[in-house]
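Protein chains: 2
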Amino acid sequence: MPDAANPRAARSRSAILQAAIELCAEHGFAAVTMEAIATRAAVGKPTVYRWWRSKSAVLLDALLEIWAAPVVPMTDSGEQDVVADLRRWLYGFVDTFNDPTLRPVIVGVLGAAQLDPELKAAIRERVHAPLRAGNQTCLVAAQRAGLLPAIDPELLEDSLVAPLWYRLLVSDEPVDRDYADAVLAAVLH
Amino acid sequence: MPDAANPRAARSRSAILQAAIELCAEHGFAAVTMEAIATRAAVGKPTVYRWWRSKSAVLLDALLEIWAAPVVPMTDSGEQDVVADLRRWLYGFVDTFNDPTLRPVIVGVLGAAQLDPELKAAIRERVHAPLRAGNQTCLVAAQRAGLLPAIDPELLEDSLVAPLWYRLLVSDEPVDRDYADAVLAAVLH
Numbered sequence: 766m767p768d769a770a771n772p773r774a775a776r777s778r779s780a781i782l783q784a785a786i787e788l789c790a791e792h793g794f795a796a797v798t799m800e801a802i803a804t805r806a807a808v809g810k811p812t813v814y815r816w817w818r819s820k821s822a823v824l825l826d827a828l829l830e831i832w833a834a835p836v837v838p839m840t841d842s843g844e845q846d847v848v849a850d851l852r853r854w855l856y857g858f859v860d861t862f863n864d865p866t867l868r869p870v871i872v873g874v875l876g877a878a879q880l881d882p883e884l885k886a887a888i889r890e891r892v893h894a895p896l897r898a899g900n901q902t903c904l905v906a907a908q909r910a911g912l913l914p915a916i917d918p919e920l921l922e923d924s925l926v927a928p929l930w931y932r933l934l935v936s937d938e939p940v941d942r943d944y945a946d947a948v949l950a951a952v953l954h
Numbered sequence: 766m767p768d769a770a771n772p773r774a775a776r777s778r779s780a781i782l783q784a785a786i787e788l789c790a791e792h793g794f795a796a797v798t799m800e801a802i803a804t805r806a807a808v809g810k811p812t813v814y815r816w817w818r819s820k821s822a823v824l825l826d827a828l829l830e831i832w833a834a835p836v837v838p839m840t841d842s843g844e845q846d847v848v849a850d851l852r853r854w855l856y857g858f859v860d861t862f863n864d865p866t867l868r869p870v871i872v873g874v875l876g877a878a879q880l881d882p883e884l885k886a887a888i889r890e891r892v893h894a895p896l897r898a899g900n901q902t903c904l905v906a907a908q909r910a911g912l913l914p915a916i917d918p919e920l921l922e923d924s925l926v927a928p929l930w931y932r933l934l935v936s937d938e939p940v941d942r943d944y945a946d947a948v949l950a951a952v953l954h
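So the protein sequences, as listed, match chains A and B. The first sequence lines up with residues 766 to 954 when you count with the numbering used here. The second sequence lines up with residues 766 to 954 when you count with the numbering used here.
Bound conformation, chain A alone (with noise of 0.2 Å):
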């Protein structure tokens, strides 16, 4: 990683991540290479495998530094209505699939990650983690103030998110916001 107190080194790596998430959209994740990484961020080729071993690794850094709404745990609304919560939470996910540039990356980083058992244990414990961590905290007290439904915490997690990923990696079938409000109210009924 970039020494964060050099500002050259900071644009160079910021130049990095955008240029890597710009090829992605442009021309798909099987395209993308270090190589063409270097040249669109106008650094040398050596700067990029300093920093990173893989464009995997590249995008990955790219989609946690972007990808800000899914990866920011549930907020707290400050009015007790974890509904709403819940609601703008899975809308993140929704429009980040969505999203004609971020869909290729994260769809990309998946699948390579499934290839490359280095690359997935940095999605667990990079991405994965401390998300499970936020949102756990959020949804134990709002079922301990009664608000959601007393099953185990990490399933009642599972069962909101995994089924817009599933749409995305498996079923290939649309992710719309009607979608994730179904979701929702067949988890709270």
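One thing to keep in mind: the hints can contain errors.
Which copy is meant is left open, so a pair is good if it fits within one copy or across any two.
Simulated pairs of lysine to aspartate or glutamate, EDC-like, Cα-Cα distance not exceeding 16 Å [as the list claims (entries may be wrong)]: (1) 885 - 917; (2) 885 - 938; (3) 810 - 800; (4) 810 - 919; (5) 885 - 937; (6) 885 - 826.
These aren't lab readings, by the way, just hints derived from the structure by calculation.
Assemble the complex: chain A is given as a structure, and chain B must be docked to it using the hints.
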């Protein structure tokens, strides 16, 4: 596809599918090549390419032939014990996801499909759509008999299988029979 009426072609096809599965289990999806499949199956490489365009296409056919349990739609026990039918169906996924031979094939093919739209469409049309059709018939009948919650039947199906796929492909957490039981109980409660 080889001519089923030609026993020699049928034997070659069977040897190719078996070789692909074995190589994937032994060396991982990424290391499988069309050449290695041909060598292991004792056929010429052009024979493999005549029937399949890629190793993923070979492995998808192998899965369709070997992965009997979940590809066969939900069975009807004939005893109106819908919960037992659903549990058996989910256990089919759990057992397959934990099978050391089949797990790398499923994860590999699903991963490759994220980077290969033609393969993803083949999975949707040749695996998901027929599964969906068969399962929907069973689920709708059980809903009409008042045995299952009266939510959208496609959402009902997604709610049951999606958490298992989510743990396999996204969160990278264990998928065991206890988890399947908890999913089923939460959906039915």
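The hints, checked one at a time:
1. With identical chains, the CA atoms of residue 885 and residue 917 are never at most 16 Å apart, being 25 Å at best within one copy and 33 Å at best between copies.
2. Taking identical chains as interchangeable, the C-alpha atoms of residue 885 and residue 938 lie at most 16 Å apart only when they sit on different chains, with a minimum of 11 Å there against 24 Å within one chain.
3. When the C-alpha separation of residue 810 and residue 800 is checked against a cutoff of 16 Å, the pair qualifies only within one copy, where the shortest distance is 6 Å, while the shortest distance between copies is 32 Å.
4. When the C-alpha separation of residue 810 and residue 919 is checked against a cutoff of 16 Å, the pair qualifies neither within a copy, at 42 Å, nor between copies, at 48 Å.
5. Taking the shortest Cα distances, residue 885 and residue 937 sit within 16 Å of each other only across copies (7 Å), while inside one copy they are farther apart (21 Å).
6. Within a single copy, residue 885 and residue 826 get their C-alpha atoms as close as 13 Å, which meets the 16 Å cut-off; across copies the closest is 25 Å, which misses it.
Hint compliance for this structure: hints 1 and 4 are broken, all remaining hints hold.
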